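Each protein sequence line maps, in turn, to chains A and B. Take the first sequence: its position 441, counted from the start at 1, is 441 in this note's numbering, and no numbers get skipped. Take the second sequence: its position 132, counted from the start at 1, is 132 in this note's numbering, and no numbers get skipped.
None of these hints come from the bench; they were simulated from the model. Just so it is clear, the structure is predicted and the values come from calculations on it, not from any experiment. Watch out, some of these pointers could steer you wrong.
Here are the computed lysine-lysine pairs in the BS3-like style, where the Cα-Cα straight-line distance is at most 27 Å [to be verified]:
hint, chain 1, residue 1, chain 2, residue 2
1, A, K291, B, K153
2, A, K312, B, K198
3, B, K202, A, K240
4, A, K354, B, K222
5, A, K99, A, K291
6, A, K240, B, K203
7, B, K166, B, K203
8, A, K273, A, K291
9, A, K354, B, K153
10, B, K119, B, K153
11, B, K153, A, K240
12, B, K153, A, K255
13, A, K288, A, K409
14, B, K203, A, K255
15, A, K255, B, K119
16, B, K119, A, K354
17, B, K203, A, K312
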Amino acid sequence: MKLKTKLTLFNTISKLVIVTLFVALLPVLIKNINRNYTDNRLRKQRDKVLQTVKALGIQYYIQNGESYAGYTPIKDSYVSLDEDTLAENLDTIQNEERKVETDTIDYRILSHNFFVDKKKYLLEIGISLDSVNETTGPLQNIAFEILVGMIILTIAADQLYSTYVLNPLSLIIKTKLKGNKFPNFGSYREVKTSTSDFQQLDLSIHQMIQTIESTFQKEREFISNASHELMTPISILQSKIENMFEQEDIADELKVRLLEMQRILNRLKSITKTLLLISQIENDQFLKEDKITISELLQEVYDEISIRLQDKNISYELQVNNDWTLVNVNKFLLFNLLFNLVNNAIKYNREDGKITIETLKENNNFVVKIIDTGLGISETDLPYIFNRFKKLKQSLQQDSFGLGLPIVKSIADFHHIKIEVESEVNVGSTIKLIFGQELIG
Amino acid sequence: MNVLIIEDEKALARELEIFLTNYNYVCQVCYDGTSASEHVAVNLYDFILIDLGLPDYEGLDLLKEAKRNNPDAAYIILTARAEIYDRIKGLDMGADDYLAKPFSLLELQSRMQAITRRKFGLKNNVVELGDFLVNLTERIITHNNEPVTAITKKEFDLVAYLILHKNRTVTRNQLSEHIWGSIINDDYDSNYIDAHIKNIRKKLNAHAPADWLETVRGLGYKVKINT
Chain A
1 MKLKTKLTLF NTISKLVIVT LFVALLPVLI KNINRNYTDN RLRKQRDKVL QTVKALGIQY
61 YIQNGESYAG YTPIKDSYVS LDEDTLAENL DTIQNEERKV ETDTIDYRIL SHNFFVDKKK
121 YLLEIGISLD SVNETTGPLQ NIAFEILVGM IILTIAADQL YSTYVLNPLS LIIKTKLKGN
181 KFPNFGSYRE VKTSTSDFQQ LDLSIHQMIQ TIESTFQKER EFISNASHEL MTPISILQSK
241 IENMFEQEDI ADELKVRLLE MQRILNRLKS ITKTLLLISQ IENDQFLKED KITISELLQE
301 VYDEISIRLQ DKNISYELQV NNDWTLVNVN KFLLFNLLFN LVNNAIKYNR EDGKITIETL
361 KENNNFVVKI IDTGLGISET DLPYIFNRFK KLKQSLQQDS FGLGLPIVKS IADFHHIKIE
421 VESEVNVGST IKLIFGQELI G
Chain B
1 MNVLIIEDEK ALARELEIFL TNYNYVCQVC YDGTSASEHV AVNLYDFILI DLGLPDYEGL
61 DLLKEAKRNN PDAAYIILTA RAEIYDRIKG LDMGADDYLA KPFSLLELQS RMQAITRRKF
121 GLKNNVVELG DFLVNLTERI ITHNNEPVTA ITKKEFDLVA YLILHKNRTV TRNQLSEHIW
181 GSIINDDYDS NYIDAHIKNI RKKLNAHAPA DWLETVRGLG YKVKINT
């Protein structure tokens, strides 16, 4: 998950939790506040009544022993004052039902006993619970709406800011890490940011890339220069041997030895040429402007290689299930890629073995499969088969210097062709070449 | 025929000279561009072999200059810098052929022969071998006026190469370099030439004995032509 997504998620979730908690607690809170407020109102009214009684005497409310009672037209509050005969002394506030005229209403009622002229009176002041609670609903709603609004606002603000502040990071990831195709890094462009961590990161990545690039470049230059420089001495030696070989006064015994020298020189030449080819491919010195159908290409490979099948009596089958035109390719290189793969399929095959080459369309991909009945590659060797000069145990008896598959790999990479290898020891190998859409005409 | 060899590697230049002199060419060697420039200005050559990597001269400039004074000469570029761009540029500028170092001297000679045939328009270059006629221009082998159709392109290439170097032993290495030289693979010791020769013999023997195609034990093959 991306950092930005994580931050946003955390922000949203944490805010939602807090708000939900608050909204859940809101009724209790409001109820409490309302009760305190109501109780205060009731006490104030009690004090007022007691004050009046003190100043104007109980007669102000009760005349001729008739009790006093008064309420507002909608009966949301009432006051009653009467003589009391009960023994206990009340001074409470609680919820009780009262029947007023025909209605039964829940009231919050303050009951208070007091004495005037040794007579006990009971004062009751009630406020209907409905009127007390009538603000709770709206209050709760308003609080909820305001909170939700605030949350949306803060989330949006968080989102905007985190996008802004994290933008350099995504830029670094996009351009410096994902966009950089090894080994072609392109030039350095600074990512503008005021966040020092990101500046540091950008710079460090840049420095690492530079180091890799220069090491890589040096290696490529070295291989290219070394193989070029070796060409001339090899050329001189080859010419000298050929000229000596042609000389008539040289004994046959010496000629055989000259021939051996020629063979060894040839080996040196092959290695050097192969390394040079790989370095030229890696240095992008080949054009990709050719157009050829896969069947033609495979036919050309067969024409060159068929003679090699004879030795071990290997049968060769070409199944063109689908034919397609390759465009923007280098024919010379593709030829060499296929030649080397088929050559390996022959070299590591058994007597009377078989090679099947299939072209097919698989999940919209254009695929060439080269299937042999050869020695196979063990699982432990499989990761290393494309390494230069890596010779696998099974291949030791063969005349090879371990550059066949590295050539294949370089050419495939150059054309963005994917290679998949499946193999079973002593059963055979299947090499699958998957051609990208951009190569199909 | 007159050949100018422009090659700054003295040892290589010397070998080229020895080899070509053996094949009856008259050779002149220049080790640098300046002296080559003087030579092309005053002499006429049939062949000019140019190494593009000269220390004192831009190879392609020299080629241009030489072409002005020796427009009829055949030009073969020799270079260790095998970049394809050089190759395209060289052929564009009128070089007749191109050989990347290291090359076989036999290959050089066969290219020179091919150019000669092309330049002088030799038609019906037919060689008589036993009961067979080998037409190098039309690239067919006939027996009693009947073409031996079984012979493949590769097989004909081998026979033609041996005919070109007739009466000399051509090693397996030289033959395989000629027919597979441009293929890059990691075999260094192929005996596939033997398989090819075996096939050629089988196909020819079906018509008539082809004892002119000799195996030189332990060394290679030879086409014997009595001249």
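Exercise for the section: Find the hints from earlier in the document that the structure breaks and name them by number, from lowest to highest. Expected result: 3, 4, 5, 6, 11, 12, 14, 15, 16
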